[in-house]
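Since the structure of chain F is already known, use the hints to place chains C and H on it.
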Amino acid sequence: MIPYIAYLGISAFLFIIGLAIMMSRKNIVAILLGIEFILNAAALNFVTYSKYSAHNLDGHIFALFIIVIAAAEAAVGLAIVIRYFQLKETVHIDEASELRN
Amino acid sequence: MEYTITSIAPIFLFPFTAFVLNAFFGRKLPREGDWLSVGAIFMSFVWACRIFSDFIFGKFSTDYYVHKVFNWIDLSFGEQIFKIDLGIYIDNMTAIMLLMVTGAATLIHLFSTWYMKGDEGGYGRFFIYLSLFTSAMLGLVLADNLLLLFIFWEIMGFCSYSLIGYYNKKERAGYASIKAFMTTRVGDVFLLLGILAIWSVVGNVNYVDIYSAISQGLFEGKVVLGISLATFAAFCVFMGTIGKSAQFPLQVWLPDAMMGPTPCSALIHAATMVAAGVYLSLRMYPLMQLGDITHFIAYIGAITAFGAATIALVQTDLKAVLAFSTISQLGYMVIGIGVGSYNAAFMHLITHAVFKACLFLSAGSVIHAVHTQEMPQMGGLRKKLPITFMCMMLCTLAIAGIPFFSGFVSKDRILGDALYWGLFSGQSKVHFLVPFLGFAGAFLTAFYMFRMMFLTFFGTPRDQHVYDHCHKETFSFNRNLPLIILATFTLGIFFSGSLTGQGIAKVFPKGGQEWFKILVEAPQVKKFESYTKEGFGFSDTRAEKSWEKAHYHHQSGYAGINPENEEGIHHAHVEGAIASIIIAFSGVFLAFLLYIRRTISPDKFVNPLRCWYEALRRKYYFDELYIDIFIKKVLLKFNEFLAFVDMGIYDRFAIDGWEKVNRVLFKASKWFDDVVVDSIAVDGTGTSINIFNLILRIVQSGKIQLYFFILLFVLAGYVWTLDIA
Amino acid sequence: MFIWVLFLISALLILGTSVAALVTKNIMHSCIYLLGTLLGISGLYITLNADFVAVTQIMVYVGGIVILMLFAVMLTGGKEFVSKGQQLLGLAPLMGSKSTYVFGLFGALVFGGIFAKLISYIVKLPIDSTEQKIQSTVESIGKLLITDHVLAFELSSVLLLGALVGSAIIARPRRES
Numbered sequence: 001m002i003p004y005i006a007y008l009g010i011s012a013f014l015f016i017i018g019l020a021i022m023m024s025r026k027n028i029v030a031i032l033l034g035i036e037f038i039l040n041a042a043a044l045n046f047v048t049y050s051k052y053s054a055h056n057l058d059g060h061i062f063a064l065f066i067i068v069i070a071a072a073e074a075a076v077g078l079a080i081v082i083r084y085f086q087l088k089e090t091v092h093i094d095e096a097s098e099l100r101n
Numbered sequence: 001m002e003y004t005i006t007s008i009a010p011i012f013l014f015p016f017t018a019f020v021l022n023a024f025f026g027r028k029l030p031r032e033g034d035w036l037s038v039g040a041i042f043m044s045f046v047w048a049c050r051i052f053s054d055f056i057f058g059k060f061s062t063d064y065y066v067h068k069v070f071n072w073i074d075l076s077f078g079e080q081i082f083k084i085d086l087g088i089y090i091d092n093m094t095a096i097m098l099l100m101v102t103g104a105a106t107l108i109h110l111f112s113t114w115y116m117k118g119d120e121g122g123y124g125r126f127f128i129y130l131s132l133f134t135s136a137m138l139g140l141v142l143a144d145n146l147l148l149l150f151i152f153w154e155i156m157g158f159c160s161y162s163l164i165g166y167y168n169k170k171e172r173a174g175y176a177s178i179k180a181f182m183t184t185r186v187g188d189v190f191l192l193l194g195i196l197a198i199w200s201v202v203g204n205v206n207y208v209d210i211y212s213a214i215s216q217g218l219f220e221g222k223v224v225l226g227i228s229l230a231t232f233a234a235f236c237v238f239m240g241t242i243g244k245s246a247q248f249p250l251q252v253w254l255p256d257a258m259m260g261p262t263p264c265s266a267l268i269h270a271a272t273m274v275a276a277g278v279y280l281s282l283r284m285y286p287l288m289q290l291g292d293i294t295h296f297i298a299y300i301g302a303i304t305a306f307g308a309a310t311i312a313l314v315q316t317d318l319k320a321v322l323a324f325s326t327i328s329q330l331g332y333m334v335i336g337i338g339v340g341s342y343n344a345a346f347m348h349l350i351t352h353a354v355f356k357a358c359l360f361l362s363a364g365s366v367i368h369a370v371h372t373q374e375m376p377q378m379g380g381l382r383k384k385l386p387i388t389f390m391c392m393m394l395c396t397l398a399i400a401g402i403p404f405f406s407g408f409v410s411k412d413r414i415l416g417d418a419l420y421w422g423l424f425s426g427q428s429k430v431h432f433l434v435p436f437l438g439f440a441g442a443f444l445t446a447f448y449m450f451r452m453m454f455l456t457f458f459g460t461p462r463d464q465h466v467y468d469h470c471h472k473e474t475f476s477f478n479r480n481l482p483l484i485i486l487a488t489f490t491l492g493i494f495f496s497g498s499l500t501g502q503g504i505a506k507v508f509p510k511g512g513q514e515w516f517k518i519l520v521e522a523p524q525v526k527k528f529e530s531y532t533k534e535g536f537g538f539s540d541t542r543a544e545k546s547w548e549k550a551h552y553h554h555q556s557g558y559a560g561i562n563p564e565n566e567e568g569i570h571h572a573h574v575e576g577a578i579a580s581i582i583i584a585f586s587g588v589f590l591a592f593l594l595y596i597r598r599t600i601s602p603d604k605f606v607n608p609l610r611c612w613y614e615a616l617r618r619k620y621y622f623d624e625l626y627i628d629i630f631i632k633k634v635l636l637k638f639n640e641f642l643a644f645v646d647m648g649i650y651d652r653f654a655i656d657g658w659e660k661v662n663r664v665l666f667k668a669s670k671w672f673d674d675v676v677v678d679s680i681a682v683d684g685t686g687t688s689i690n691i692f693n694l695i696l697r698i699v700q701s702g703k704i705q706l707y708f709f710i711l712l713f714v715l716a717g718y719v720w721t722l723d724i725a
Numbered sequence: 001m002f003i004w005v006l007f008l009i010s011a012l013l014i015l016g017t018s019v020a021a022l023v024t025k026n027i028m029h030s031c032i033y034l035l036g037t038l039l040g041i042s043g044l045y046i047t048l049n050a051d052f053v054a055v056t057q058i059m060v061y062v063g064g065i066v067i068l069m070l071f072a073v074m075l076t077g078g079k080e081f082v083s084k085g086q087q088l089l090g091l092a093p094l095m096g097s098k099s100t101y102v103f104g105l106f107g108a109l110v111f112g113g114i115f116a117k118l119i120s121y122i123v124k125l126p127i128d129s130t131e132q133k134i135q136s137t138v139e140s141i142g143k144l145l146i147t148d149h150v151l152a153f154e155l156s157s158v159l160l161l162g163a164l165v166g167s168a169i170i171a172r173p174r175r176e177s
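Residue numbers (the working numbering), protein chains in the order written: chain F, 1 to 101; chain C, 1 to 725; chain H, 1 to 177.
Calculated directly from the structure, the hints in this document are not laboratory data. Accuracy of the hints is not assured; some may be wrong.
To be verified - So the derived list for chain C, only partly shown, Cβ under 10 Å to chain H, looks like this:
#	residue
1	Val634
2	Gly657
3	Val661
4	Leu712
5	Phe713
6	Trp720
7	Leu722
Here a beta-carbon is modelled for each residue, glycine too, at the ideal position from N, C-alpha and C.
So here's chain F without its partners, still in its complex pose (with noise of 0.2 Å):
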């Protein structure tokens, strides 16, 4: 029987390295794939306390919708970067700043 600390342990990792990503890199597109990660370790926990606590499958069901909502948010995301790359001819994220003023 694995523990499932073990499991938490990872889905910890995984959020930390997604927040990482998501802080450290300048390209939209890598922020996106930072946010695939924390998405991930949140589903990855869902699953593990289904088994765990829960003996149901409720976790299995939201880790279902996480997955759904996450192609949604790639595929809107995506199209809005290269919406912007369009017409902008860069991916850069401190140059998104139409809005500010």
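Only chains C and H this time, still in chain F's reference frame:
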């Protein structure tokens, strides 16, 4: 027919809808929408016929009435009750009025389609006002309370203004419309005062409540301005009648109102609007009695009836003669109210409406044919306008009081009652003046009406050009049919079963055909004594009609005249009838001598009485009196005084002084504004915001990754403080 | 035993590829490392007796999202940016330079401390960790999706449709006027 507000409302709504549609879409409709107006008023006529047949030939008793209300405004708060209910009140009088108004209006609408044809730019406008006017009159007749009546009263005032000033290119028409509006306004103000006075006592203004309040004695002991409130209210309400029905001393507007097109004169100034004033007085008759102003009313009526008749003697304008005869005849109605001859006054209202409408329409027919209103330019038109002549002759016979015609029946009943009132009712013989003036007026009426007929239709043409210009009349549907129908109804047989209208010399051998006399009676306030407000929306006294019960002389409500003196009334009426006949024929004969045989020249009368002649020509100088004396001397002086008060006192002291106070206040307030508000509060707020801004803009950089970083630390701090271990 | 082996392989895969995804300069490589991480997570799902989720993970993430990202990277040039010298009042580190990694790792350590606290709490909680019999979850998840979670299920279909149409509209090339 079930009597509810919704089943009665169409009689008002048909013409009103026609008004709205014509006002907005009239120009787009074929023939400028006149068929809409005519059709709408005809539909109202059909409705009125149904009501008439229900009430007159139905099973209801004479005093049956329908009173339905709905709540319009309810501002009641706790114990304070302030409710205004609107509704309909229909009894026999309403039914007859509705039939008269819709019938006359239908024929006048029809005639207007001929008379106004080809009028540049105003044909549709004329019918718009005509429809609004008719609907207002119908609403006034249907109204169950004085407030609603007042609303329609004012709408009619406006329509009258618009129609008198219809020929808006003529300056005189504009002045005439203003004069009519402002003069009737004097009466309207009094009427509003009267309504408020009644409200202060009754708490409501519908007829039934007022009758109930009178019978319960609510008016007793109330005093306003040193006179009893009932007298004050009655006087104010009667002032409304004086204004609207052109009684002395507010009669000056009606002759000038003849500037309008002739069909509108027929509708407004003969058949309906001036009748509204008399109708109001009839409805408020118990109040007049309570206020004890019947003598005043009788004298006003007598002065008007006689004075207007004398003025009519010397007028040369065809329509002016008719205008003064209208005033004179309205005076007879008012005499009837004053002497307690309620039924006869109402009967005269109806008969007069019919024959005066016909007279005006005939005059319109003549004027349209010869393009002039001056009688000295006419003459001999009998051959050119045969149908018009016949109709006008019938009506003239009626108004002159020739037996077998409606005017004789109604006028004779008023004069008979007045004679009884003046001579036999046990009061001072001084009051004989009223019937005397009445009979004198009747004589003059016969004279001037036939003078008008003789000058217009008989003799040789005085102006050959005008005569030649006049086309020979051929029968046309919308020109002659209204005349013929109206002229038919001038026959007395439609109003009374007997020669005199008093049951004397009956046409039919069996009694009981005096239907008009039986059907309408003065409101019996006793009947409403037990009336309670819980009964709103009901209709009562539904009983089988009994003709015997309601026989004229046996009614206790033969108002103003003691029922014990029936014989006296008979007596007075026989004398009155004989006197009327003699007077009428002598008047006609005098006119015949003067204008047909020319055995006596009119100059014989004019020359020795030159100053009187001038006075009559100038209408007793009433216009000059009002304009030169009253308006210029009194009102303008008052105006100057008010201007002095306004400029010299109010402006200088109140306004300028207030300005000085304000300047000081302004300086204080400016200091406060500059130093406290601006420098400290406003600028201080701005500065503090700037300072915070300097701090906050460090983190508000727009760099999303910095936000993540801050978010991280906030989250960390939050979790660290959680007491979970 | 198989479970243990699978868990160890997956965990090592995740740790290695995720750190690589963080430190690599090439965004394309980052995407490939993400692929490895996702595969590892799906392996963990299998050890957690979540076969359906594991398969979905592979199909959607590996087959869909990563491919989408690769396309996005290729369409946008895949450049990683170096600092342009933008400083935040001289306090914040330069973004996009090497110091940002130090900065990000510092943040990560802070967060790791938080997690350590949380986990130290969680470990103390009594959790029933008896072994469950391995069985397929597909049928149960199907039933749950059309009974208890049917509203969320339907809404997610609408969401997907909206995302599909929306992204198509957003990314549609437009002529500059």
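Going through the hints against the structure:
1. Val634: 78 Å, violated
2. Gly657: 63 Å, violated
3. Val661: 57 Å, violated
4. Leu712: 5 Å, holds
5. Phe713: At 7 Å from the nearest chain H Cβ, Phe713 (chain C) passes the 10 Å test, so the hint holds.
6. Trp720: 7 Å, holds
7. Leu722: This hint holds: Leu722 (chain C) lies near chain H, its Cβ roughly 8 Å from the closest one there, short of 10 Å.
In this structure, the hints that do not hold are numbers 1, 2 and 3, in rising order.
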